[in-house]
Amino acid sequence: MDFEPAHQTFLAECKDLLVEMENALLKLEQHPDDEESITSVFRSVHTIKGSSGIFGFDYIVAFTHVMESFLEEIRADEIKVDSDIIALLLVCGDHISVLLEETGNGTQIFDADIQTAQTALLERLGLYVDEPLDTLPVVREQEISATEVITPDSHVANDAWHISVRFGFDVLRNGMDPLSVLRYMETIGEIIHMITLCDEMPDAPEMDPESCYLGIELDFLTSANKEAIEGIFDFIREDCAVRILPPHSKMLDYIKMINELPEDNISLGNLLVKCRSLTQSELEEGLQLQHTLDKLSGLAGDGEHVHKLGDILVGQGVMRPELVDAALNKQETVKETRVSESALMRVRADRLDELVTQVGELVIAASGARLLAQNSGDTELAEASINIEELVEQVREGALRLRMVPMGETFSRFNRVVRDVARDLDKQVELVITGGDTEIDKAMVDKISDPLMHLVRNSLDHGIESVSDRHRLGKNKQAQLFLNAYHDSGSVVIEVADDGAGLDREKILAKAVSEGLVAEDQELTDGDIYKLIMEPGFSTADTITNVSGRGVGMDVVKRNIESLRGNISIYSEKGVGTTFTVRLPLTTAIIDGFLFNVGRSTYVAPLDSVIECLELSDVERQSIKTRSYLNLRDEVLPLLHLRSVFDVNDADSRRENIVVISYADQQVGLVVDALVGEFQTVIKPLGKLFEGLSGISGSTILGNGDVALILDVVTLVKQVVNRETKQVSRQY
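At position 541 of the sequence shown the residue is numbered 541 (this note's numbering), and the sequence of numbers has no breaks.
Don't read these hints as lab results, they were simulated from the structure.
List time: in silico DSSO-like cross-link candidates among lysine-lysine, alpha-carbon distance up to 27 Å:
#1 K531 <-> K558
#2 K80 <-> K27
#3 K475 <-> K27
#4 K574 <-> K477
#5 K574 <-> K718
#6 K684 <-> K447
#7 K507 <-> K558
#8 K531 <-> K507
#9 K442 <-> K15
#10 K531 <-> K718
#11 K558 <-> K442
#12 K477 <-> K27
#13 K447 <-> K718
#14 K558 <-> K511
#15 K511 <-> K531
#16 K475 <-> K574
#17 K80 <-> K477
#18 K15 <-> K447
#19 K475 <-> K507
#20 K558 <-> K447
#21 K308 <-> K295
#22 K477 <-> K507
#23 K531 <-> K574
#24 K718 <-> K507
#25 K442 <-> K684
#26 K574 <-> K558
#27 K574 <-> K511
#28 K531 <-> K447
As the structure is a prediction and not an experimental result, all values here were calculated from the model.
All chains should be built: construct the whole structure from the sequences, respecting the hints.
Have a look at this one:
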């Protein structure tokens, strides 16, 4: 067995289960009577326990076993769910995560902090479960044996089998002496306790000396297995009823064997026989009784049974309920695993990245082939190249979809953050998530998680007022924090909003002036003032807390978002709330672009940002030389001459065109020379030498081998907006 890939899969699945458990707990906190959430938490813990047992991580099995006992008390309604119970289970989930991280070192030796944390948690759990603390498993430096991972219900002072025998009336007539059976038992073990039952004994006048009326209950200490013990009674099987129950210390062995059985779609009876807790003859008896009871109930055929085999085996006294439950849980795990495997397949992220890179090169090669085919003048070759390019586009879209994940998976992680931070700050906050089905590149999600975390914590600490302040202001004592995502013009828009106090414009401006960030007489828009909070080291917090206040974080948020070719804007209304709007490209790998020329240079604009294209008349060409706008259907369209922006000194073109681009409800016309058309663009990084190049976000290779620069639409639109704002300010 290749342990490393299996171990990685184990870790990934357990982490997914912990996320499911956490979400279910947060839901349970809002709806304490939600049985589905309780079951979901129990199922997650049980699955982690079973998977850990397969890999031999007994210390995880030990801890999750105690959690199971605790959750069973909740399921039985012995423990009422409240915020303290939820907090305890959340911390237990965090501890399981720590133990999972420790599985990579291949040892069961832990530092003092982990041992102390586990001991404290077990003591807290022990306050609720009906078992003494000294029986709770504790992580120690030596290996934990299987017999230590048990509860008091399955642990006694001896390892004896319990055997119940009811001799038939005719056993003596058929030549068998019950005492000989007991003497033979002494040859393979020791009878350490026995009770003789005389319940069937009639009164003396009615007694038949040739009939046997006895029954015995005994505890038998032996190293033999169940089949060997059952063999003792083979000769009198027809004349007695025998029930054999394994010793308590054997219970865990059977449960472990059940969990370690292959993931086969196996029946309950065969599952118990395979783990040797049930003999074949006991199974046959149980099935025969099940068939008889079903017939009496009027059920014919081999369909679903009215009487469950597990209940029959327990009722007959040949099986303990714990083993039946373990076998049923194994069946449920197999079923869930098969459903999950049929729906999902885990693929390494680096392999997906490699696939997208190869598809990108294929896009470039297909474009080059189409160009060569068109230049050759061969019509059939040109048509064939177009067909190939269409198929390549389908492959490209399929490859990119493989890396697309819904934002809801990222948003759901903040449920725990909002809950814990709000409790620390003594605030009441409800997290409202919308747009969770909006998809974004997985590579983008990994990089946006930390900036979103900063924004959420900032809103909780600075934006949302305390309960007393909200009450004084006439607001609902429970504040709302909103996470929203949607697609807009080829971008993913993520909003983090709150209904708190809003930003204090005057306070921010005064702080910026005192620190020399802006001049005292400088004219700034509200948006420019709010963006000052993202300057390095800038903070208006009066006190420093463990959440925020050091001025570290917001500048990192801005830098990380801009490194993804994104943009962040802030809207705030004092007393109403604040909204942070993050705009990001859908993917960092391949985009659909629109090509145009400026002189001998070629540029690409993301196709989703292109609204329309216009050809300028001679009169319009002359008019825009003296002004920076165009009348477009009675609307003012600001213009940006790319020749001037990028210092293109090539000879002027005889024609000029306008490419109208849009970003965040702002439209700008790019003045270019020639329009080329749509193009599938593979984004290539510019390299460190050109990282600071304004207005350019990347490059791509054309089919003919030339390099085209990809425009940074966000920067160009902002450049025009700032220019127009300054012109308006000068007029006043």
